[in-house]
Each structure stands twice: as structure tokens, then as C-alpha cells.
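Number of protein chains: 2
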Amino acid sequence: MNKKYQELSDELKRLSHLGSILGHLGWDMQSKLPKGAFTARQNQMTALTCILHEQSTSEDLGKLIYDLYEKGSDGYNDLEWKNISLAKRSFEDSIKIPSELIKRRAEISGLGFQKWLEAKQSNNYQIFAPLLQQYIDISRECSHHLNPEKHPYDVCLDGFERGYTSKDIDAIFSQLKLGLSKIYNKIQAKGSIAKPLPKQKFEISKQVQLIEEVAVALGFDKNIGRIDTSEHPFTGGGHNTDVRMTTRYDENDLNSALLSIIHETGHAIYEQGRRTDQYQDTPVSMALGMVVHESQSLLLERRVGQSRAFAEYCFPLIQKYFPEQFTSWTPEDYYLLVNQVGPSELRIEADELTYPLHIILRYELEKDLFNHRIEVKDLNEAWNERSLLLLGFKPESEASGVLQDAHWGDGCFGYFPVYTLGAMAGSQMYETFLTSNPDAETNFAKGDFSNLKSWMNKNIHAKGQLQSAKSLISSVTGTAINVDNYLTYLDQKYKKIYNY
Amino acid sequence: MNKKYQELSDELKRLSHLGSILGHLGWDMQSKLPKGAFTARQNQMTALTCILHEQSTSEDLGKLIYDLYEKGSDGYNDLEWKNISLAKRSFEDSIKIPSELIKRRAEISGLGFQKWLEAKQSNNYQIFAPLLQQYIDISRECSHHLNPEKHPYDVCLDGFERGYTSKDIDAIFSQLKLGLSKIYNKIQAKGSIAKPLPKQKFEISKQVQLIEEVAVALGFDKNIGRIDTSEHPFTGGGHNTDVRMTTRYDENDLNSALLSIIHETGHAIYEQGRRTDQYQDTPVSMALGMVVHESQSLLLERRVGQSRAFAEYCFPLIQKYFPEQFTSWTPEDYYLLVNQVGPSELRIEADELTYPLHIILRYELEKDLFNHRIEVKDLNEAWNERSLLLLGFKPESEASGVLQDAHWGDGCFGYFPVYTLGAMAGSQMYETFLTSNPDAETNFAKGDFSNLKSWMNKNIHAKGQLQSAKSLISSVTGTAINVDNYLTYLDQKYKKIYNY
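Which chain is which? The protein sequence lines are A and B, in order. Here the first sequence is numbered in the working numbering, starting from 1 and rising by one per residue. Here the second sequence is numbered in the working numbering, starting from 1 and rising by one per residue.
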């Protein structure tokens, strides 16, 4: 190993430690921070963000990277050479953004989240609107610095998974919208198929135990992770040995926490499954991007967590914790309950079929905001109108409509499409997994998910950033993200359930 | 306001934000961090500690400070000029310690705490001993850099409260030891005066509610703070708007969490009571030092929390949460229970009278370690022998003996004496408070502690670092820390309780 490479690797690890502090502070902000401490947190995160940007764009680091890069890949293994290339790409992106913009962006981030939370809790979008405007302006400015020739929204998309443009996504989403509505129409003609969730209380302390048991069964390692509560479920924590999932509990709805924790466990086992060898904390060991991240969470949530095999395993567990609530229920009843299709105000509680419509709603609104076709102040009305068109209803409140997601509260645009791209990629991956593990679902029914976790660890998590997302998905599943595949899977699934 | 002062003030605030991140990470390490994440946390804290040291010793900062200092105090108010002086002192201390030593110290800190925890949990001192040796070596090295002419242990003492040397403390402690043993002998001749705590379970979820109610009544503001659980109770969090207390719960002993939270609330209201005006986050707004900090916690724990008036308020509350456990008890019974004198293995559960003996034990051992009179490997035996001499018993286990406190696990030497200096200072302060608030205890009995909190806020917390600890204590109480005062107070209190 040459000395200069070692020097680069050490410096990249050190920068990664600083970055992981920011990840940790973000987790704490959403899950533990006292209300009166937002300004302090904002000051902390701004100070550290500026240092991280400064040190990630230092002349010494640039020189080191170019020295190594220009000598070529001879003498390096794939991982080492990838680290040099990734460091170069990241350096080149970072130096494009002026420090004062980094500072300005960091300064409004803490405030933005605080205002979003306040707006949501008081059901008043206008509290958040001015911050959203600032977020969009700054986002536009960053995009311009990163690539003035590209549409600013495409630059945002690139930030979450390189290589997917709004042109790609438009094509995928228009085909998907059509296909989904065909299935949806057939389902609506059939009416309801499931018993409603018993109208009883589900004690939160028992829900806590139940979701922990499920997360651990699915592969979550509590030795290097935690589960906490937050306004909006997420997975964070900042390090692959410190992976922190959150959820929120509803005393009247057991599935609110349970289904969301299955989703988060998909993210968490991705993070926990990243390399822990000498490449730990170097760029190549990091998660690839958010399409692949969501492929893991949605594979687990949809293909596993909403399967018959899972109901066989999980329903007896639910009965163990809530014996009085489910006296005359069977696993099949529970399977039908979680697979019932119907309007849901909240994206994260939507069924598998209508979920992409929630995504399309947000994606279209984001594009319109970035194209000046709608104004921030009118976003609430635009949301309600588009919701009526796409989902068939207007939300009952601003809190359960335009304010429901934390993403805009984080100043994060271009994220939503990755959920649906991820759902499709995850579904393809699951089918590939099943071809080499035909008995897997028999094991799932017994609560044994170890083969799936190993397969995901090996084929996705440990791969880190060695390939692009497009290349990883193709090499694992044999094809690019394929809308036909996905629609066929959904049609076959719901045909059996709704008997249409 | 001159521009250069503003520049200094902004930079000191920024450094303080970085420092507060370290405070936060320390809180998390002791209360939330998954076991497998210690190395990651250590890497994070090392990276940030090094940056903070580097930026606190930068040439630019030094130049700015000296430019301002050399022009003199004209045109500044007391607070501003104090900030310049404190910045100079802090800069001069920081540049004395080489960066590589800062790095080495930071590197072993995370590991040290992890090993202490492991040693305590597996009741095996030898797991921790090698780290303790490293801590002492590094501590000695730091002391030498800070002041090669002073005894290294005196430099350690200075780190927690400037101005108290081991010579001062020896004099105080020898007088105290003698006085305490006289009172102790009289008490032992009388035997037990209190009923034992009922041998029943105290449900932890109810303890959580009880201690929160008590902390809030005493003045803890949940809007800018939290209460969590940790192996060893402490107050941290890193910012005066984000003050995080911890405690630990024992299902068999209600007082374990309750008494420790009263103590921590004293620290917490100090932190929460610091200035929030334009001087927030500048040196002058910071807590003075640990003698004064402990004076606040021990004033609350001992003079308030163990008073008759407090029992009048608190005992009905205890009965509200635990109606079945205390059927035939009165507030007076509870008062006697918490004031019962007798051997306690754990320092933090010791009664007010024998508590200083626990401190003297640790202080003498620390001095012996720094004077090479005992070796680290023999510390466990030395602890046990000295415990027999001072306290009359050998601890039952290493976990409840030499490993019981987190301080050495943090590499922190010279801290323990501040508890007893603080107890004496706090007791004097409380007497001063009573002279101007003669009805205070009548209000305490009704659960109203607001006058006390206001008095502490005004006379101690808001004063920040304007004076030295010695000067603050004298100006508030009219005298330096006075052993006779303290012994008189204890003698009068226990005379009434034990009727000797």
C-alpha cells in the first residue's frame, strides 16, 4: 500500500467521522432535542457543516487526490481505486459550492425543521411557507453552482441517486400511473375484503416490545443500533455501527408503528450491513444512493412484511402481545387487513398499490415549484387539488396534507421519486432472491429471515459504492428498473386477493 | 461596540458551539450509545476535539485576543472585558498543550469509558486498570505542560475550580474528618431512628413520573432540558438551552432515583439559569467551576431535599404514586428515613454526614496515585483497606467499590474534592438565602420553590464567570468556605434527629 493512498484514506475516514457527527445531531434533533434548543442545535450544525466543507475542499486534500488520480489505477485493487475516484468526484462537487452558501443553507436547516414541526403541530402551512421558499431558493442556487447547464431539479435528483433524470422518471411514472389506475379500477369494483382493525386500545409499551421483536427477527442488530420515537419515522444515526431507527405510536392503530418499523428495518440492515473491514468509513463502503436504500426498505416492507408468509409468523406474535384484541382473527385476516387497498391520507400509511400515486403527487408539485408553475404560498391549494385528481380526495387538514412529510421540512427536494424507483428495484431484487432461495417463504413463516438478510448483505450492502445504482440493479436483477415487471407483480397479487 | 471585540465574541461563540457538540456526544455516549458503537464515537470525539484545540490555538485568534487585551479595558463593560481576559487565559492554557497530546488523550477517553463500563458490569477492576494507568500518565503529562512547577495533582484540581490547592483541601479535610467522626460517634451510640423502606416493588414507570414532577417543582424547565437513564447519574447536554439530566432506577429502592434527581436538578437549574442575552455562549456566561456547580446541586439535595419542609411536600406525592407501599407512614417517617446515618457502599447514596468520608477516601487515593505511593494495579486493595479505615467496611464487590464512580472512567482526577467543598459552600449559601427569605420553608412545604430558584439564578447562575469561586462564595455568604459553620449545622441537625 503506498503511503499517499494511506494518507488519503486516513483523511477521508476523519472527514467521515465529522460527517457522522452531523448525522447523529440530525437524529437527535428529530428524536430527543428539547423544543427550546433548536437555535443551539442549529448553531452547532452550522459550525460543524462549515468546518466539514472547508476541510473537504482544502488545497492539501485536492493536491493529494489529484496526485494519486493522475498516476492511474496501477497497483490498486478495485476498492482502493474506487476510493480515489469517489474522493475526486466528491471534491470536485464540493469546491463548486461557495462556503457562504454552505453556511446560509446550514443556518436555515435547523430553523426550517423547527418551523415545519411547529406548522404541522398547529396545522398551519403558512408558518412553514416562508422557510420553504428559502429552501427552494437555496436549492436552486446550489444546483446552479453544481451544474449551471442542467435543470436545477435534475441536479436535486442527482443528489439522491446519480443517473436518474426527470426525463427517465416522467417516462416511468406515466406508464406506472396508467397501469396502477387499471388495477385500482378493478379493485374498486370489488369493494372491501378485510375486517377492520378492532376498535380497541393497543398499549404503547406492548407495541414497543412487539416492534423490537419483529425488527430483531428481520435482522436488526441492537448491539449496533437503537429504536426511538419521533414525529416522522426515519433511520439515521450517522454510522454503520450506530444505526438509529425511529417510529411513532398510535394507541388506536397497531399497524402504524409496526409497518413503519419493517420499512425502517430495511434501511437499518443496509446500514448495518456495510463493510466493517479496513474500508469502513471510506467512500466505497458507503450506501450507494437512495434508490437502492429505498429498494431495501420497500423490499422488506412490501414483499416481505405484507406477504402471507409474514402474516403466518407475525400474527401469532401480535396475538401474544394483544390477546384480547384479536380473539376471532386468523393470519389470513391479518394478511387481508394489511393488503387492503383504499384511500389513505398519509403516504407512509398508504397501501402498496396507491403509494406510488402519493409519490407522483409530490414529484409533480416539486417540478412545478422548480418550474415556477406554482408559487410556494399556493402550495397547499395545489396539493389539495392534485390530491383530489390523483387520489380521489382532499386531505382533511394541512397537517395530514401538505405538511405530512418531514422531507420539505429538511429542505430536501427530489427525494420522493426514489421511493417508487426503490419499490420497483426492491421488487425485482426480491424475485431474484426467490429464484435462488425457493424455500425462503417457508422459513419466513417460522420467523427465520436469515437467508434473505445474508443475500441482501452480500449482493447489495457490502457492495457499497463500487457500482452505480443503475449498474447494480441490472447486474443483480438482470434488467433495469422495469415498470411492466412491477405492474405484473401487483396485478397478480391483487387478483388473488380481490378475486377480480 | 468595537468591531474587533465583535469579531472575538463571534469566534468565541462559534468555538463554544463546537464545544457544546462534544458535550452532547458525551451525554449520548453515557445514555444512548449502542454498545457496538464506542469506537465510532471515540473517532468522532477525537476528530472534533482536535479541531477544537487547533482552532482555539490559531494564530489569528491569538493575535485578535492580544490586540484587544493590550489596548486595555477602556470602553468595555465588565462582561466584555471579562470575556477578553478569559479568552486570553484560555488561549494561554490551550497553546501549552501539544496537539498530539490532545489527540492521544481524546483517543483513550472513549475507550476508557467503555472499559470502565465493561469492568463495572463484569465486576472486574483489572479490565479497567490498564486504561486507568494511561489516563494517569496522560494527566500527569498535561499537568506538566500546563505548569511544570506545580504538583501535577494541584494542576488537576485547578482544572475543576481554580484557586483550590491540595494544601487548602488537606487543611479543610483534616478538620472536617475530626469533626465528622465526633458527630458520628454520638449517632452510633443512639442506634437506628427510622423505619426501613418498605420491602416492596416501586414500579419504574411511576418513578419516572414522580421524579419528573419533583424536578419540575424544583425549577427544572423541560422546554430546555430532558431526563434520561444512564449507568451513573449526571447532568450534561452541552448547552444552557439543552440541559440533560440522567438518573438510574432501582425497583426496590425509590430513593435511589429520587434523591439523585434532586441533586442533578441543582446542576440543571444552574445551567438553565445561565445568561441567555447577547453574552450567551461567551466565556463570561459559562458556569464558574465545579465547586460552585456542586454547591448548587448539594444545596438542593441536602439543605432542601432532605429538609422537613421538603418531606411535607414530597411525601404526599410519593403516596400518590405508591399508595400501597406507604400505608402507615407520615412525612416525619420519610424525613427520618432520608436522614438516617449509616454505612453506605455507594457514595451517591451516602447520607449527608458520612458523604465527605467517601470523598476523602477518593481524594487520598488520587493523591497517593499521583505521588507514586500506590500503584494502579493495587488500587482495588488500597480502596478496600482505606474504606475499612474511613467508613468501617470493605465493599462487597469491585463494582460497588473501586469501580462505582464514572469519574475515573472519564479520566477525571481532582474532581472529588469539589463535592465536599461544594456541599459546604452550598450550605453557607442556603443560610444566606434564608436570612432574606425567612418564610421560604413554609413555601417549600407547599411545593413552591420559586423564591429559592430566583435567588440562585440571580446570585449565582447569572453571575457566570465574572468573579472567581472564592470571591463569589465570600461575597454571597460573607465568608470563605468555613468548616466550623458546616460542622455546627450538621451537629444541630443530627442532635435534633438522634436526640443525643
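Since the hints were derived computationally from the structure, they do not count as laboratory data. Predicted model only: the values in this text are computed from it and were never measured. From the three backbone atoms N, C-alpha and C, an ideal C-beta is built for every residue, glycine too. Among the hints, a few may not be true.
Unchecked claim - With a straight-line Cα cutoff of 20 Å, these simulated EDC-like cross-link-like pairs (lysine to aspartate or glutamate) come out:
#1 K35/A / E141/B
#2 K96/B / D168/B
#3 K222/B / D228/A
#4 K103/B / E7/A
To be verified - If we take Cβ atoms under 8 Å as the criterion, some of the chain B residues that face chain A in the derived model are:
#5 K32
#6 L33
#7 K35
#8 A47
#9 V216
#10 G219
#11 G225
#12 L466
#13 K470
#14 S471
Mind listing which of the numbered hints don't hold for this structure, in increasing order?
1, 2, 9, 10, 12, 13, 14
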